[in-house]
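**Q** Top line first, the protein sequences correspond to chains A and B. Just so you know, we're using UniProt numbering here: the first sequence kicks off at 1 and counts up by one. Just so you know, we're using UniProt numbering here: the second sequence kicks off at 1 and counts up by one.
Please note: incorrect hints may appear among the correct ones.
[Claimed, not checked] The calculated lysine to any residue pairs, modelled on SDA-like cross-linking and capped at a C-alpha distance of 25 Å, are:
| hint | chain 1 | residue 1 | chain 2 | residue 2 |
| --- | --- | --- | --- | --- |
| 1 | B | Lys162 | A | Pro172 |
| 2 | A | Lys36 | B | Arg38 |
| 3 | A | Lys36 | B | Ile77 |
| 4 | B | Lys167 | A | Ser14 |
| 5 | A | Lys188 | B | His159 |
| 6 | B | Lys162 | A | Ser2 |
| 7 | A | Lys36 | B | Gln78 |
| 8 | A | Lys183 | A | Val121 |
| 9 | A | Lys36 | B | Asp39 |
| 10 | A | Lys36 | B | Leu123 |
| 11 | A | Lys188 | B | Arg38 |
| 12 | A | Lys36 | B | Leu36 |
| 13 | A | Lys183 | A | Ser129 |
| 14 | B | Lys167 | B | Leu123 |
| 15 | B | Lys162 | A | Pro149 |
[To be verified] Residues of chain A placed beyond 10 Å of chain B at every Cβ, according to the derived structure:
| hint | residue |
| --- | --- |
| 16 | Ala7 |
| 17 | Trp11 |
| 18 | Leu23 |
| 19 | Arg29 |
| 20 | Ala69 |
| 21 | Gln190 |
| 22 | Ile193 |
Think of the hints as simulated: they come from the structure by calculation, not from any bench. Positions of the beta carbon are idealized from the N, C-alpha and C atoms, including for glycine.
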Amino acid sequence: MSPEDEARRSWQSSGSASALPPLEELRTRADTFRRKIQRRNLIEYLAGVLVLLGFGWMVIVGPLPWTPAVIPAAIIRLGSALVMIGTVFTLWQLHRRTAPLDPPVDGGRNSVLDYQRAELVRQRDAIDSVFYWYILPFVPGLAVLLLAPLALSPQIGELSWFKVVLKVSLAPLVFAAVWWLNKLGARKLQAMIDEIDALRRE
Amino acid sequence: MQRAHISQDEQYAEAAASFGAAIQRLARGYEADADLCRDLVQDIHAALWRSFAYFEQQCSIRSWVYRIAHNVAVSHIQRSRRQRGGGLETLEVIEELAAPDNPEAETGEAQMAARLLATIHRLAPTDRQVMLLFLEDLTAAEIGEVTGLSPTAVSSRIHRLKALLAKPYADKEID
Chain A
1 MSPEDEARRS
11 WQSSGSASAL
21 PPLEELRTRA
31 DTFRRKIQRR
41 NLIEYLAGVL
51 VLLGFGWMVI
61 VGPLPWTPAV
71 IPAAIIRLGS
81 ALVMIGTVFT
91 LWQLHRRTAP
101 LDPPVDGGRN
111 SVLDYQRAEL
121 VRQRDAIDSV
131 FYWYILPFVP
141 GLAVLLLAPL
151 ALSPQIGELS
161 WFKVVLKVSL
171 APLVFAAVWW
181 LNKLGARKLQ
191 AMIDEIDALR
201 RE
Chain B
1 MQRAHISQDE
11 QYAEAAASFG
21 AAIQRLARGY
31 EADADLCRDL
41 VQDIHAALWR
51 SFAYFEQQCS
61 IRSWVYRIAH
71 NVAVSHIQRS
81 RRQRGGGLET
91 LEVIEELAAP
101 DNPEAETGEA
111 QMAARLLATI
121 HRLAPTDRQV
131 MLLFLEDLTA
141 AEIGEVTGLS
151 PTAVSSRIHR
161 LKALLAKPYA
171 DKEID
């Protein structure tokens, strides 16, 4: 008997065989997976609904009590409506771009390298384009809500220059940090994709 | 609907009966922790059962089962993140089979299986898949179909694997 035949025999006779899981248990497990996905979607939608309710309130009722009276209610309503549109767009994109591949649906049709590559490419594309679907949709609404008060408020002259800069640059700084962290993540994923491509080229 | 349901159940039952033991061995190759390994076996079976709703003879049942099983196992490893960040080797650099975790407890065939398992745990994912599939008697073409490696890449790995398996015998002859 050759060494590989002996190795195969040893390997195949190793371990204790246990009973197969009953079908009912498998159905329950499959349902658990579906429920996890549903729960994730529900949390995303609830967060979106909260944002929509908050800005929807300002669209319907008008500016919040502490908003300087000099700022026209129409500006606040316009800014809030734009944020709501941005939120709906981002939620739709989040749902579309972040749903992972499902091994039972895609795992049998693809080899392991193809499946892993497809999943990494999906993740890379989602985070690499975060500027277009997660940041940009909020820019028009936030620009209206942040810049209009600064331009129109009589208090602007009383604020020191660094407070003005802080007010204007806080949101762009947060957005820039989100963008940079995602770009970093995308580069790491690209390195993993390159490794798979190198394996496929062998 | 009922017919499709029965057919999916039947296809799964047949595959599970034929490959149940291989799935267990595969899971042990990916997951050293006994509890997590049991969990992985259940996940593979659940995915396999669901997958038969999408099976349209795209490949042989054997390749289908191993593709599902390895894809679930790789996703499991990535989720747990415990295998990331180095420490894993390729067949190219491994010079001999690893010693079993508990050499005193095992003898003969069982010790060989333990050494194989310890070696598998040291391997990078693709080489690990090739070794697991090779030990399950899959041909080079089938290994390529499951892993996605080219025939050349599979045969070079099998060549190294055979040399690795033959080494203890060659060493004995020298002694």
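**Q** Give me the numbers of the hints this structure contradicts, sorted from smallest to largest.
**A** 1, 5, 10, 11, 15, 16, 17, 18, 19
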